[in-house]
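Undergrad: Build out the structure end to end from the sequences listed, making use of the hints.
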Amino acid sequence: MRRMIAAGERLFRPHRMRLLMATALVPAVVLVACSGQPRQQQAEAKTPDELYAAMEQSLTRYRDGVQALREGDNDTARQLLTSAATELATGGDACVSTPGCEPQRFMSAYGNLLSLRSAVLTNAAEGFAQIEPRPQVEAAMLSSDVPEAQRSVNLLHGHDLAKIIKINGPVKAALHDWLTWMRPNLIDAYENYEYMRHLMWPAYEEAGLPEALLFGIMAKESGGKVHAVSQSGAAGPLQFMYHTGLRFGLNNQNGFDTRYDPAAAARANVAYLNEQFRHLNNNLEMALAAYNGGEGRMRRLAQSSRSKNYWSGEIQGKLPRETQEYVPYVLAAAWLFLHPEDYGLEFPRVDASPGQVQLVKAMTLSELTVCLGQAGSRDGWFRTLR
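The opening residue of the sequence shown carries number 5 in the working numbering; numbering runs sequentially from there.
You may find that some hints are simply not true.
Below are the EDC-like pairs computed for lysine to aspartate or glutamate, each with C-alpha atoms no more than 20 Å apart in a straight line [stated by the list, open to error]: (1) K312 <-> E279; (2) K312 <-> E299; (3) K229 <-> D355; (4) K322 <-> D355.
If you're looking for bench data, these hints aren't it; they were derived computationally from the structure. Model, not experiment: these values are computed from the prediction.
TA: Listed below in C-alpha cells is the structure:
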C-alpha cells in the first residue's frame with residue numbers, strides 16, 4: 005500500500021531536517037503562487053487523472069533540476085526547480101477545485117522533493133558504520149526481552165514471531181537503518197503508537213496477531229502519524245488506498261474519511277492480512293509484500309514460482325524495488341519492538357491513558373492546544389488531540 009524507502013530516500017538527512025523541509029511546503033507553494041512569475045499551464049488538465057499525470061511531469065522536471073544542482077549546473081537547476089515548483093502550485097490550485105482530486109498528493113510530492121533537494125544542498129553523508137544484530141538465541145531466552153511482555157502477544161498463528169523472522173541480509177540492512185539515521189523515526193513512531201495503542205491493539209489482540217507486527221507495519225507506513233498521506237494517495241496510520249479501504253470497511257462517515265481512524269484502520273488491516281494469509285499459505289513475508297505491492301501481483305508470483313521461499317529471486321526478485329525494501333523494514337521494526345535491549349534501543353515510557361476534557365464552551369482543537377500548553381508533552385498536544 006505504500007512504497008516508502010525508495011533509493012533516493014537513502015540520501016535524506018535525519019528526521020529533524022526532513023520535518024523542517026516538509027513544514028516548508030505550504031509557504032514555499034504560497035511564495036510561488038504570489039511571485040511575479042507567470043504560472044505555466046498544465047495542458048488543460050481538468051480530470052483528476054490528467055492533473056496527476058501533469059504532476060508526474062512536473063516531478064520529473066524537479067528531479068532533473070536536483071540532478072543539475074548535484075552536478076554543479078546552478079543556472080539549469082534554478083530554471084528547472086522554479087518552473088517545476090510553479091507547475092506543481094498551479095496543479096495544486098486546480099486540484100482543490102476539481103471534484104475527486106486529492107490536493108494532499110501535490111503537497112506530499114512537493115514536500116518529498118524539498119527533502120531531496122535539502123539532502124543535496126547539505127551534502128548528505130552516505131555509508132554508516134555496520135551494526136550487526138546479536139546472534140539469535142533460544143526463544144525461551146528471547147521472551148524476557150519483549151517490552152511489557154505481560155501485555156504483548158508474540159505469536160503468529162501459534163508460532164513464535166521471533167522464530168519466523170529471518171535475520172538475513174535485507175533484514176540486517178533494515179536493522180542498520182532503523183538504528184542509525186532512522187532511529188529518530190522509530191522512536192517517534194513508538195511514541196505515536198503508544199497514544200493510539202488503546203485504539204489499535206484490541207483488533208490485533210482479538211485476532212491473535214502479534215503486537216510487534218502491528219508496530220512494524222505502522223512504523224514503516226506512517227510513523228504513527230494519523231493524517232499521513234502518501235504521494236500515491238494512501239492515507240491514515242496504516243496507509244490504505246481509497247478503494248482497498250472500501251473493500252475492508254473504510255469509507256466516509258459524515259464527511260470523515262475513516263482511513264484516518266486508528267481503530268477502524270487496525271480492523272481493516274487485520275482483515276486484509278488474514279485474507280492474504282489464507283491465500284498465501286500463512287507466509288508472513290508474502291502477506292506483507294501483498295500489503296505494499298498489491299495482492300494480485302503477489303498471488304500470481306506465489307502460484308507461478310517453483311520456489312515457495314519469499315526471499316528467492318523467483319519471488320522477491322520480481323517485485324518492485326519499493327516492495328523489496330518494504331518487507332525487511334517492517335520485519336526489522338517488529339524485531340526491534342521485541343528486542344530493544346539487544347541493540348541499546350530505549351523506547352520512551354509514555355503515559356497514554358485515555359482521558360476526557362469537559363469543555364465549558366465549544367473550542368477548536370487549535371484553541372484547546374494553546375490552552376493545554378506543553379504540560380506533560382514537550383511538543384504540545386495538537387497531534388494527540390487530532
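Undergrad: If a hint holds in the structure, say so; if it doesn't, say that too.
TA: Going down the list of hints, with the structure as the test:
| no. | hint | result |
| --- | --- | --- |
| 1 | K312 <-> E279 | holds, 18 Å |
| 2 | K312 <-> E299 | holds, 16 Å |
| 3 | K229 <-> D355 | holds, 18 Å |
| 4 | K322 <-> D355 | violated, 44 Å |
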